[in-house]
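Peer 1: Given two chains presented individually in distinct reference frames, assemble the corresponding complex, making use of the accompanying hints.
Here the protein sequences line up with chains A and B, keeping their order. All the letters of the first sequence, read from the start, carry residue numbers 1 to 218 under the numbering used here. All the letters of the second sequence, read from the start, carry residue numbers 1001 to 1378 under the numbering used here.
To be clear, the hints were calculated from the coordinates, so they are not data collected in a lab. A quick note: this is a predicted structure, and the numbers were derived from the prediction, not measured. Some hints here could point you the wrong way.
[Unchecked claim] Only part of the chain A face toward chain B is listed, based on derived beta-carbon distances under 7 Å:
#, residue
1, Asn16
2, Leu62
3, Val67
4, Ala70
5, Asn103
6, Asp105
7, Leu106
8, Thr153
9, Val154
10, Thr185
Cβ atoms here follow ideal geometry from the backbone N, Cα and C, with glycine treated the same way.
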Amino acid sequence: MVKEKYLESLKESIVNLDFNTVVEIAKEAMDAGVDPHTAITDGMVPGMTIVGEKYETGEYFLSELVVAGAVMKEGMEIINPYIKGDSSKRLGKVVIATVEGDNHDLGKNIVTTLLGVQGFEVVDLGRDVPTDKIIAAVKERKPDILGLSALLTVTMSKMGEAIEALKAAEIREKVKVIVGGSPVTPEFAESIGADHCAVNALEGIKKCTEWVTPQEVR
Amino acid sequence: MAEMTRHERIMTATHKKRADKLPFLGLWRHLQVGWVERECRNRGMGIYWHRPCYISKMHGVKSSETQVVSSGAVVLRRTYSTPVGSIYLDEKREPGVEQWKGLASWRDVSPWQTDRLIKGPEDYKVLKYMVENTEYIPYYFPIEQAMDWLGDDGVVLDALPHSPWQTLMIDWVGSEGGRFFIHHAKYPDLVEDLYRAISKSREPLYEIAAKSPAPIAFCGDNIDGVLLNPKLFQKYCMPEYEKEAKVLHEHGKLMAVHMDGRVGVLKDLIAKTPIDIVEGLTSPPMGDLPIGEALSLWKDKAVWTGIPGSVLILGPEAVKKHALNLLREVGSGDRLVVELATETQISNENLLMLTSILENADLPLTKEKIDKIERSLA
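One chain only, chain B, in its complex shape (with noise of 0.2 Å):
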């Protein structure tokens, strides 16, 4: 039998089936070019790539930026101003932004908000009316790129916004001194009443991720059982993960969310969702969910797994016992893929030790093959 490509590997695995040898790939906004990733992409890494399907518009909003000194430092200031009021937020940049992959830094760290876009209850009803003004606009003009670019050495997904809670949590209101759960306690009827908002504005959106050319709709969460506890999660989170499915399934298109927090507490709750893949799961010491026992517990589900930065920040040697452990654990290896890091750029040492561990794992695994392994490393 021919040997797979990258994308038939990945999505073999993806799709339950069993793949050749265990798939891996390298997110491309933390993938370094050069000659360690030649020779890495020779040994069989793919790619990955989040692309957007769409545009949006606001109608009846406008902004602008300006550059500010705000506690000190030197920020960008962008201001919305609508017929019920302006907000601002303040977005700290560190060397590298624009000069390296779009808004990523030199050191693959992306611009963080100083100052959220929501402060004080006040700032709720500018940010529903933009919410309610936001048109969603198909354009699969850069998947198709992508694809057409990629061809077989990996597999696009559509990139959609974090999930409303997550939007509020994550981006507008921000977890920061723990102030979106004080607004939440404070203010309900005003945190709930956005969330409705958003719920309902991304309807649209769901049909165009559905209908674009990409195998796979990534979600862009960023789910950690102990920002997000299962109350929340199953009250706000799992209503919009079975919207969204929906339509994603009707037109034959598989659900990714990223998950790579701690997910222990969630993950009876994570197994009624209709995810297909639960993308950046990672592994203790970083996570508290053993792959193997993921793997166990969702068997309607593929898992991407990451490797921790914790593990990769010490080094070569303890990536080679990470990566055996790993492989060690996870029974046939079927309905895996390793992601060789989801938040932070490798080591050329790094890289070159995972992937002469990796582009031996043919499926399915046994000990035998995870013991010949490890004797080639020695």
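Next comes chain A alone, as it looks inside the complex (with noise of 0.2 Å):
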């Protein structure tokens, strides 16, 4: 198979959800020497994005958003070990935290997924993270941009802790915040002087994408 049927393939796998040939084509374009940057940046990354669009357009749900992120997460399982070093050029770094409090990792999972896909280097502290874990989090990793997700409303509130705790330690303006969530409104994030509501997962990655790119380029 030449290199771009391989990558076709990959392409088409995550597009088709389809754990079983995304695994099998990964192993064979190893083999078959296609290196493994392009079989990711040009073969599975373009796959999310169909789904993407998939997704915006109403032809796919939530689920299958889900499931093709899962499909890529077993073909990257299967390429990472072929990579040598880290010559990828990241577009931002992102730390992303569910708060204290809350177990609901659904939409922190997808956006994490999403940004890796879009380029950036993403932190994910997890879920149920208390306070103090994502300021050190912030402090040690320096990244351009926090994203704090919650479902539950009695744990909105740890969101504004977390942007008063930036303030205290003096790094709120070295980071943008973007929160999001169910329950989480625009006038909400406005009152605990977050930067950024996502609406949903694809609306908030271009407000990440937005903030890390110059802007004679965008």
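Peer 2: Here it is as structure tokens:
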């Protein structure tokens, strides 16, 4: 199979949500000497882009978006060991967490997957993350963006708590804060001093990309 | 004409007839106790109360609980052992659990499962064994007791578990990290086989609920069109609702389903279901279907609408604006019941604001009546 065929098959396996094919083709492509970065950027990433487009037009739903991310992850697990060093150029760095008291991480995980596809380096702190751990991660990893997620109204206040803690640590101006989750509204985001409220995962990714893209390139 | 009792008001609206006033009520487990609660009840607030109408027994299954540390957190591990294998779940509890209202914490958060019963494909057969060996037995004491205690002050509903698909998606496989969707894509036969087993095992439960003295059976689903897309809703939820409603309606009983998510994408399908009460319907900004539109679309259904948590968190002025807008968009106000909160406790200030508006909402609603209510708040 020629290189282009492998790339096309990887793309199709993501679009078709096909776990078996992505693993099979990824193995074959690596055995055939396809460059691992090319397999990702010209094979799987275009597949995820198509899935995202289908989601935006209503042909695919959240479940398909999630499964496509999982299919891509399985393909990446085959390809990653073939990547030597980290020669990839990153768009920016994001620290992301579901706030303390909240165990809901579906939305956060979709955003994490899509940020990775977009070219961001993502530090995923997981779910039910205490504010002090979030602040420590921002200090240590120095991200461009902090993403906070909550599904419960009783945990939303933790987002405001994190922003206040950033101010107290005198690092608020060093990081953009994006918040999201079903109950989170622009009014609430404004009231706690966040920079943006993500309407959904794709819109949130667009905003993050805009933030790290120089004005003249946009 | 004598003023309706709270119970009459709720049931009249729910039976799609005109009540004297717009019914409004508080969910027993979210309602604080004290002077504000007393004041609001004096203003006409009713109470609705979910109570079980059955007990269940699992035959050939042993269960045990122990405290363990998992991923650095202290959790309660419940293990089920069957002849075909064992499975466990881990549960994390906030402070206040068992010191407050049963399993609710001081913040009214229920314990959450940090590890679900189904983790991998090997767990399905164990859970299927448990499902197939579960017996449901009628037990109406909690219903009778609540009805006796509540009297005309509200309404008691049979509390039923999530429907089979939602049981899998919310309770047993869980959607954390998208696990349920991934399982459904990778192991469709296992998921569907267990779904069918749950569906069959629930049939006696619908009979039990139908014969309980409560006027409404509450199917404790958690419908959200973003998580549960139209294809899944149509294939897995609607047939179960039809089966359940058939049994309930034969006994003159109403069926309520909790739909507090973004249901805009499901609105046409919901219209086709035999559900009598769309419960917990949350208007924008948290939901995506305006209540007025829902009432227009679902003329054979009553709507019990909740006040969005994202409005409550902004305080009484935002609550006032939301409540007045709600009154202005629902036409005459028929077939509507307002729930003061469906997912979290309400502050005193919010509760007083809401009830000061709703106590004066005589039906049918008119622009003049709503303007008068607004002026009275100035």
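Peer 1: A separate judgement is required for each hint: does it hold in the structure or not?
Peer 2: These are the hints, each one checked on the structure:
Violation of the interface hint for A:Asn16 is found here, the shortest Cβ-Cβ separation to chain B being roughly 11 Å, above the 7 Å cut-off. The interface hint given for A:Leu62 holds, since its Cβ lies 5 Å from the closest Cβ of chain B, which is under the 7 Å cut-off. With a least beta-carbon distance of about 4 Å to chain B, the hint placing A:Val67 at the interface is held under the 7 Å criterion. For the restraint placing A:Ala70 at the interface with chain B, the shortest Cβ-Cβ distance is roughly 5 Å, inside the 7 Å limit, so the hint holds.
Restraint check, A:Asn103 versus chain B: the minimum CB separation of about 5 Å is within 7 Å; hint holds. Against a cut-off of 7 Å between C-beta atoms, the interface hint on A:Asp105 holds, since the closest Cβ of chain B lies about 5 Å away. With 7 Å as the threshold, the beta carbon of A:Leu106 comes within range of chain B, its nearest partner Cβ sitting at about 5 Å, so the hint holds. Interface hint at A:Thr153: satisfied, since its Cβ lies 3 Å from the closest Cβ of chain B, which is below the 7 Å cut-off.
Here the hint on A:Val154 is kept, as its CB sits about 5 Å from the closest CB of chain B, short of 7 Å. At its closest, the beta carbon of A:Thr185 sits 5 Å from a beta carbon of chain B; the interface hint therefore holds under the 7 Å criterion.
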